[in-house]
Amino acid sequence: MTEEKILEINHLKKHFDLGKNQLLKAVDGVTFHIRRGETFGLVGESGCGKSTIGRTIIGLYNKTEGDVWFNGRNVHELSEKELFKLRREMQMIFQDPYASLNPRSTVREIISEPMEVHQLYKNKKEQDERVYELLEEVGLNRDHANRYPHEFSGGQRQRIGIARALALGPDFIIADEPISALDVSVQAQVVNLLKQLQEEKGLTFLFIAHDLSMVKQISDRIGVMYLGNMVELTESEMLYEKPLHPYTQALLSAIPIPDPDIEEKRERIILEGDLPSPINPPSGCVFRTRCPFAMEVCSKEKPEWQEVENNHFVACHLYNKNVKNTLDKDPVVNIR
Amino acid sequence: MEKILEVTDLHVTFATYGGTVQAVRGVDFHLNKGETLAIVGESGCGKSVTVNAIMRLIPNPPGRITNGKILFKGQDLTKLKEKKMRSIRGVDISMIFQDPMTALNPTLTIGNQLMEGLKQHHDVTDKEAKRRALEMLDLVGIPNPEERLKQYPHQFSGGMRQRIVIAIALICEPELLIADEPTTALDVTIQAQILELFERIQEVTGVSIILITHDLGVVAKIADRVAVMYAGKIIETGMKREIFYRPQHPYTKGLLESVPRLDTKGKLQPIEGTPPDLFSPPTGCPFTARCPFAMEVCDKVYPESTAMSDSHTVNCWLQDERAKKVLATMATN
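From first to last, the protein sequence lines are chains F and W.
With numbering that gives the first Met the number 0 applied, the first sequence covers 0 to 335.
With numbering that gives the first Met the number 0 applied, the second sequence covers 0 to 332.
Think of the hints as simulated: they come from the structure by calculation, not from any bench.
Careful, some of the hints might be misleading.
[What the hints assert, rightly or not] For each label pair, taking beta carbons as the anchor points, the in silico distance ranges come out as:
no. : chain 1 : residue 1 : chain 2 : residue 2 : range
1   : W       : Lys-299   : F       : Glu-132   : 34 to 44 Å
2   : F       : Gly-168   : W       : Ser-42    : 46 to 56 Å
3   : F       : Lys-320   : W       : Glu-34    : 45 to 55 Å
4   : F       : Gly-272   : W       : Lys-266   : 37 to 47 Å
5   : F       : Lys-264   : W       : Glu-34    : 16 to 26 Å
6   : W       : Asp-298   : F       : Arg-72    : 49 to 59 Å
7   : F       : Val-307   : W       : Asp-298   : 54 to 64 Å
8   : W       : Pro-291   : F       : Lys-84    : 39 to 49 Å
9   : W       : Asp-8     : F       : Asn-310   : 52 to 62 Å
10  : W       : Glu-195   : F       : Phe-15    : 56 to 66 Å
11  : F       : Gln-305   : W       : Lys-118   : 57 to 67 Å
Using N, Cα and C, we set each Cβ at its ideal position, and we do this for glycine too.
Next up, chain F with everything else stripped away, as it sits in the complex:
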């Protein structure tokens, strides 16, 4: 992994106009970058805006504000033609392997379609060879090329989806909940496949998921989102060792660990209440309505995105120097 940034996102906002003067702030000012060759995990609960970020990066949604730089190009200012070319470098794997493959196409057609669109191969034979190669790379075999999606299990279908994403030889892949629809024993197969492909091809991944234990397994760095905002970002080990934001702490402590002895001893931070609506989010810090540490300042000012330790970013008033000195206890909670 290098320090070179493959993707840079600055103050990205994506608002959806719902009519009747209602504005859904799905992503509300998010800044981060992804380094070439790393796996960046994006986690958060449903409705936090993680999928919207993925879709905005690849240009499926237009941004509202801010910008997305990919390999030195501003994604949202490219012409149709340039955007078309960009697709060869950036691809996506979707959550539902049942809905993301056309049931009326054979596996060969599904995987070769991107190649045809981009006219990568002059003749059918070369293209077919490439399809077989891809199938083998993802752990299927060439005989599968003539079959239809319904003949495959969920895990195998997700492999087909991965082969399709690889068809154009991209550098960067956005994987939006690629394993959530799969059974546990199969999830590990797909995750290991993604890791292996990354090593072989030097791919960069944006791995979007809600399952923090799996994200920690695969990611180098992790960003935690809550209600359209990034609340914390750091290396995956650090995030677990020393979560700073009260939301990250609660999220980590809410995940049950498959070990009865540990589960019995663990103290749990149970968050009260539910996620507020992103249509009318709380003022100031969006997490303050459920935060056990909420202070007066939290409702007035939106906390700044700051690097409190090396490579450890957090948006929380508790780590503001002026506030931190007045606290009577350390906000860093041991969640184990």
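Add chain W to chain F, keeping to what the hints say.
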């Protein structure tokens, strides 16, 4: 310990155009009074079908309980007339489903849905029914119950809806509560709230719980005993710690190694392959094709259950004396 439920040799099949699916193929288990039994397994292993059979909710046709007994407090539920079964469902045995979004009727207030069961089964006045409904909402932790009673499901969040579903299930004070993936559709912070709620209601009401889940973390948190299902059979069962710390079946071991843990890091060990097709299930052990220890006998004959302790049994040929002898000689060589 008093057994509240005893299931023996349960078989359930579904007739389809493609043939007969043998969804449950001889399941034996029991539930002690006041305990939580978790049934774990992958999708399609028959765990939901098993509990639907207990509730007699298998649609016939195409489904059919072809064999077996389900003894609930001494009476065999498979033999009961539908009318009698109706007086048990929701009263003695209740069920919570996975998706709180579809489990509630969107056109009725939650007050109506709460009181419906109570009025159906018990001779209560409206006032008494309302009092009970308020009590239940309070128990499951819904603030402002008086106001909430008049609201419709769409006015509640997912977590709140699941609380209401739980309140509906408990209002007739059942002795057995079956929860089919009750937290799978919820976010983790909400799941944590609901799991706490399960622990609390069990403390308050003493209800026995069968919990279906594929999340081993949830099992570690709230189960007392665990039954592991694979391809329509229970392949291992034991106390929670026996299953987590001394798993005997290669599938149970594989399952435990294939889940990522928050507190450790290491390469995940997936179980290669996929479960067998239940249209024509293998005659022997269904895990043979994926098992790293498979022997010739495994494919041909289904292993008898071996008792590892009073509470721990496993169906695996590796427990056979002959296999042990071979393994021992292999180890010494």
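Right, here's what the structure says about each hint:
1. The supplied range of 34 to 44 Å is met by W:Lys-299 and F:Glu-132, whose beta-carbon atoms lie about 39 Å from each other.
2. Roughly 34 Å separates the CB atoms of F:Gly-168 and W:Ser-42, a value that falls outside the hinted 46 to 56 Å.
3. With their beta carbons about 52 Å apart, F:Lys-320 and W:Glu-34 fall inside the hinted range of 45 to 55 Å.
4. For the hinted restraint 37 to 47 Å between F:Gly-272 and W:Lys-266, the CB-CB distance of approximately 38 Å keeps it satisfied.
5. Taken as a hint, the range 16 to 26 Å holds for the pair F:Lys-264 and W:Glu-34, whose Cβ atoms sit roughly 21 Å apart.
6. Remark: the range hint 49 to 59 Å for W:Asp-298 to F:Arg-72 is upheld by a beta-carbon distance near 57 Å.
7. Against the hinted window of 54 to 64 Å, the Cβ-Cβ separation of F:Val-307 and W:Asp-298 comes to about 59 Å, which satisfies the hint.
8. Between W:Pro-291 and F:Lys-84 the beta carbons are some 47 Å apart, a value that agrees with the proposed interval 39 to 49 Å.
9. At about 59 Å, the beta-carbon gap between W:Asp-8 and F:Asn-310 stays in the expected band of 52 to 62 Å.
10. The hinted range of 56 to 66 Å is not satisfied by W:Glu-195 and F:Phe-15, whose Cβ atoms lie roughly 34 Å apart.
11. Distance hint check: the CB atoms of F:Gln-305 and W:Lys-118 are about 58 Å apart, consistent with the given range 57 to 67 Å.
In this structure, the hints that do not hold are numbers 2 and 10, in rising order.
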